[in-house]
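J.: Sequence lines, in order, name chains A and B. Each residue of the first sequence is one higher than the one before, counting from 1 in UniProt numbering. Each residue of the second sequence is one higher than the one before, counting from 1 in UniProt numbering.
Check the hints yourself; a few may be wrong.
[As the list claims (entries may be wrong)] Computed list of chain A residues with no C-beta within reach of chain B, every gap over 10 Å:
#1 S89
#2 H92
#3 A130
#4 E134
#5 G143
#6 A153
#7 A154
#8 L177
#9 A264
#10 E273
#11 R307
#12 L320
[As the list claims (entries may be wrong)] Chain A is faced by these chain B residues, among others (derived, beta-carbon under 8 Å):
#13 L90
#14 L101
#15 G104
#16 V157
#17 L245
Since the hints were made in silico from the structure, they are not lab data. Predicted model, so just to flag it, every value in this text is computed and none were measured. Heads up, the beta-carbon is just placed ideally off N, CA and C, and yes, glycines get one too.
2 protein chains.
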Amino acid sequence: MTSHSPAAVAAAHPPPPDTGRARDLLLRELDGRWPADGRRLDRIARYALLPAGKFLRPVLLAESARAVGAGGAQIAPAALGVEFLHVGSLVHDDVIDGDELRRGRPSVMARHGVADAVVVGDALMMSMFAAVAECAERGLPAGRVVEAVRVLAAAGVDLCHGQLMEAELCGDAGCGLERYLAVSALKTGALFRAACLAGAVLGGGTPAQQRALRRYGEHLGSAFQMRDDLLPYVGDAGVTGKSGLSDLANRRPTFPLVVAHDRADRAGRRLLERVLSGAVPAAEALGAVAALLRRTGALAAAEERARQEVAAAKGCLAELPATSSRTLLERVADFSADRAR
Amino acid sequence: MTSHSPAAVAAAHPPPPDTGRARDLLLRELDGRWPADGRRLDRIARYALLPAGKFLRPVLLAESARAVGAGGAQIAPAALGVEFLHVGSLVHDDVIDGDELRRGRPSVMARHGVADAVVVGDALMMSMFAAVAECAERGLPAGRVVEAVRVLAAAGVDLCHGQLMEAELCGDAGCGLERYLAVSALKTGALFRAACLAGAVLGGGTPAQQRALRRYGEHLGSAFQMRDDLLPYVGDAGVTGKSGLSDLANRRPTFPLVVAHDRADRAGRRLLERVLSGAVPAAEALGAVAALLRRTGALAAAEERARQEVAAAKGCLAELPATSSRTLLERVADFSADRAR
Numbered sequence: 001m002t003s004h005s006p007a008a009v010a011a012a013h014p015p016p017p018d019t020g021r022a023r024d025l026l027l028r029e030l031d032g033r034w035p036a037d038g039r040r041l042d043r044i045a046r047y048a049l050l051p052a053g054k055f056l057r058p059v060l061l062a063e064s065a066r067a068v069g070a071g072g073a074q075i076a077p078a079a080l081g082v083e084f085l086h087v088g089s090l091v092h093d094d095v096i097d098g099d100e101l102r103r104g105r106p107s108v109m110a111r112h113g114v115a116d117a118v119v120v121g122d123a124l125m126m127s128m129f130a131a132v133a134e135c136a137e138r139g140l141p142a143g144r145v146v147e148a149v150r151v152l153a154a155a156g157v158d159l160c161h162g163q164l165m166e167a168e169l170c171g172d173a174g175c176g177l178e179r180y181l182a183v184s185a186l187k188t189g190a191l192f193r194a195a196c197l198a199g200a201v202l203g204g205g206t207p208a209q210q211r212a213l214r215r216y217g218e219h220l221g222s223a224f225q226m227r228d229d230l231l232p233y234v235g236d237a238g239v240t241g242k243s244g245l246s247d248l249a250n251r252r253p254t255f256p257l258v259v260a261h262d263r264a265d266r267a268g269r270r271l272l273e274r275v276l277s278g279a280v281p282a283a284e285a286l287g288a289v290a291a292l293l294r295r296t297g298a299l300a301a302a303e304e305r306a307r308q309e310v311a312a313a314k315g316c317l318a319e320l321p322a323t324s325s326r327t328l329l330e331r332v333a334d335f336s337a338d339r340a341r
Numbered sequence: 001m002t003s004h005s006p007a008a009v010a011a012a013h014p015p016p017p018d019t020g021r022a023r024d025l026l027l028r029e030l031d032g033r034w035p036a037d038g039r040r041l042d043r044i045a046r047y048a049l050l051p052a053g054k055f056l057r058p059v060l061l062a063e064s065a066r067a068v069g070a071g072g073a074q075i076a077p078a079a080l081g082v083e084f085l086h087v088g089s090l091v092h093d094d095v096i097d098g099d100e101l102r103r104g105r106p107s108v109m110a111r112h113g114v115a116d117a118v119v120v121g122d123a124l125m126m127s128m129f130a131a132v133a134e135c136a137e138r139g140l141p142a143g144r145v146v147e148a149v150r151v152l153a154a155a156g157v158d159l160c161h162g163q164l165m166e167a168e169l170c171g172d173a174g175c176g177l178e179r180y181l182a183v184s185a186l187k188t189g190a191l192f193r194a195a196c197l198a199g200a201v202l203g204g205g206t207p208a209q210q211r212a213l214r215r216y217g218e219h220l221g222s223a224f225q226m227r228d229d230l231l232p233y234v235g236d237a238g239v240t241g242k243s244g245l246s247d248l249a250n251r252r253p254t255f256p257l258v259v260a261h262d263r264a265d266r267a268g269r270r271l272l273e274r275v276l277s278g279a280v281p282a283a284e285a286l287g288a289v290a291a292l293l294r295r296t297g298a299l300a301a302a303e304e305r306a307r308q309e310v311a312a313a314k315g316c317l318a319e320l321p322a323t324s325s326r327t328l329l330e331r332v333a334d335f336s337a338d339r340a341r
């Protein structure tokens, strides 16, 4: 149990600065919901949820709500719910990709098999909606809760569209930035956007505030995915836990590769196409790909673009009153483009 | 497209008597929601949903709502939503069991692979909640809609608990009637119960009416699962599409087997245990198992028990005003225990 304490979690996955308090409160509530001595399903779900990762989405929902007026215990179930959906989709992702590792531990699939992983992922997704509905019992107006259900369900469907579209791009180094961004907006952006918008809705934000937080989440999601794609090339693999090999081995046209393909000469393009077609083993190709990303300036350009998304995200927050929550959302944005893991 | 017409569907899967009108209206709305020329996800989801099966759960939700006062277009999205959840869970079931056939056609897994089946099942489940939320846009009070979300999400989680528990019973011929019934109440009963209760909630039923419809759905679910388990032994395999082999091959302690184990002598028990342990191939064992079910009277006892559940279900309906919807719900109960497929 001690390894699941908020402190241990924070040590293993440094959260964005200043999110500690919101995180701790939410994690304490999460802890009681999936008891370690519960039924089999509860125990496996707990294994998937804890220790928590960055726990960004719950913090985004809770702070978006607080930034427009309401926060605290009334919002907490919905904030946790977004994490249930996110983790449920990760559990299913690992089934789809056959990934044996998640957050440095055996994935649910590796530990419990495909059948349990499919069922537990489903249960986590369902639990999101049960959790959101609880906000009405805690006194939030039912109309807001229904709207949050609608927003989050639509995001869940978008996420699925994004996954199928990503599979279609697989191996296609020349897919182009536009298609890359469209997939990223669905696969990653949808849930960031929905977390912020649902928070704004539940918190009773004005239509302008809801729009601002939705756009903030959208830009933040883009920045986050861009940084995720950049990590294998700019970070220390030992720190990031991303070896750079997994994206290449899965033949994913990630952000810097798409940018590089656009800028490279014929030989450079041919290299990227051969690697993503699977003709060259990922381990052999990594060095040459990294060199190409530097030589073409793709790495610098991709980092610059991620910073622009962060600036755009922060710009949206001007619509909100100056509160500690707004400051926190600004810092989360900075963190998203600079994080080393 | 013609093979998806309501008429063709009805011919392939005879619905319960008198549900034709409700079915047709709902199927028409479903047809427009998952366009045949839509995105890849929409097309695969459409393949999973149409032609529809018995389509019992949507009819139960819609007629439960109508039986307590409200019905029609305001309720339709939620009614369809229950089918989305049900079919999503079937798509995932086929991944888990490796089943290549569903309703006489290749399963989504067989046709599109594991990855697409996992993602499309997820999307169908999410779509349920988006659909339920729509009822508020169509004028139903938000408080009722939130309560329906809560009921249906809880049922979805129960369904997952039931699937894990069923896996634990696998191979255990002597698990006993009590444990069998507990699993059935979660795996099948939860969604029948939730469909009826959510209908009663959305329709604005009194607490007593909500209770009555919840219990009706519970008994109906039991009867339905019992009949499903009995079909391989009482029906014509050519008609039922259930060969009797799949349950045995999957080493499932189905209803008649559990009853037979309780009544059999030592040799009979040993036979059942050996078959469910996988020591005897299902195809070889089917005849001997069927003979044992008859000799011990287990078949007759199991059929009698299913009829009792139907009677209990119908008894619950006395709480409702005498309307054509109540009559229809009575007929659905009769159908559930007598159906030949």
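J.: Next, verify each hint and record whether it holds.
T.: Quick rundown of the hints versus the structure:
With a cut of 10 Å on Cβ distances, S89 (chain A) falls inside the contact zone with chain B, its closest approach being about 7 Å. Non-interface status of H92 (chain A) relative to chain B is broken: a Cβ of that chain comes within 10 Å, the nearest being about 5 Å off. Interface exclusion of A130 (chain A) from chain B breaks down, the closest Cβ pair being 4 Å apart, not more than 10 Å. Annotated as non-interface, E134 (chain A) brings its C-beta within 10 Å of a C-beta of chain B; the closest such distance is 8 Å.
With a cut of 10 Å on Cβ distances, G143 (chain A) falls inside the contact zone with chain B, its closest approach being about 4 Å. Non-interface status of A153 (chain A) relative to chain B is broken: a Cβ of that chain comes within 10 Å, the nearest being about 4 Å off. With a closest Cβ-Cβ approach of about 6 Å to chain B, A154 (chain A) is found to fall inside the 10 Å limit, against its non-interface label. Every CB of chain B is more than 10 Å from the CB of L177 (chain A) (nearest about 21 Å), matching its label as outside the interface.
A264 (chain A), annotated as away from the interface, keeps every beta carbon of chain B farther than 10 Å; the closest lies near 30 Å. Residue-level check passed: E273 (chain A) sits 23 Å from the nearest beta carbon of chain B, beyond 10 Å. Annotated as non-interface, R307 (chain A) keeps its C-beta farther than 10 Å from every C-beta of chain B; the closest such distance is 32 Å. Distance to chain B confirms L320 (chain A) as a non-interface residue, since its nearest Cβ pair spans about 26 Å, more than 10 Å.
Checking L90 (chain B) against chain A: minimum C-beta separation of about 12 Å lies over 8 Å; hint violated. The beta carbon of L101 (chain B) comes no nearer than 19 Å to any beta carbon in chain A, farther than 8 Å, and the hint placing it at the interface is violated. Using the Cβ-Cβ criterion of 8 Å, the hint placing G104 (chain B) at the interface with chain A is not satisfied: the shortest such distance is roughly 23 Å. The criterion of a C-beta within 8 Å of any C-beta in chain A is met by V157 (chain B), whose closest approach is roughly 5 Å, and the hint holds.
Annotation: L245 (chain B) was flagged as interfacial toward chain A, and the flag is violated, the nearest CB pair being 20 Å apart, outside 8 Å.
Hints 1, 2, 3, 4, 5, 6, 7, 13, 14, 15 and 17 from the earlier list are contradicted by this structure; the remaining hints agree with it.
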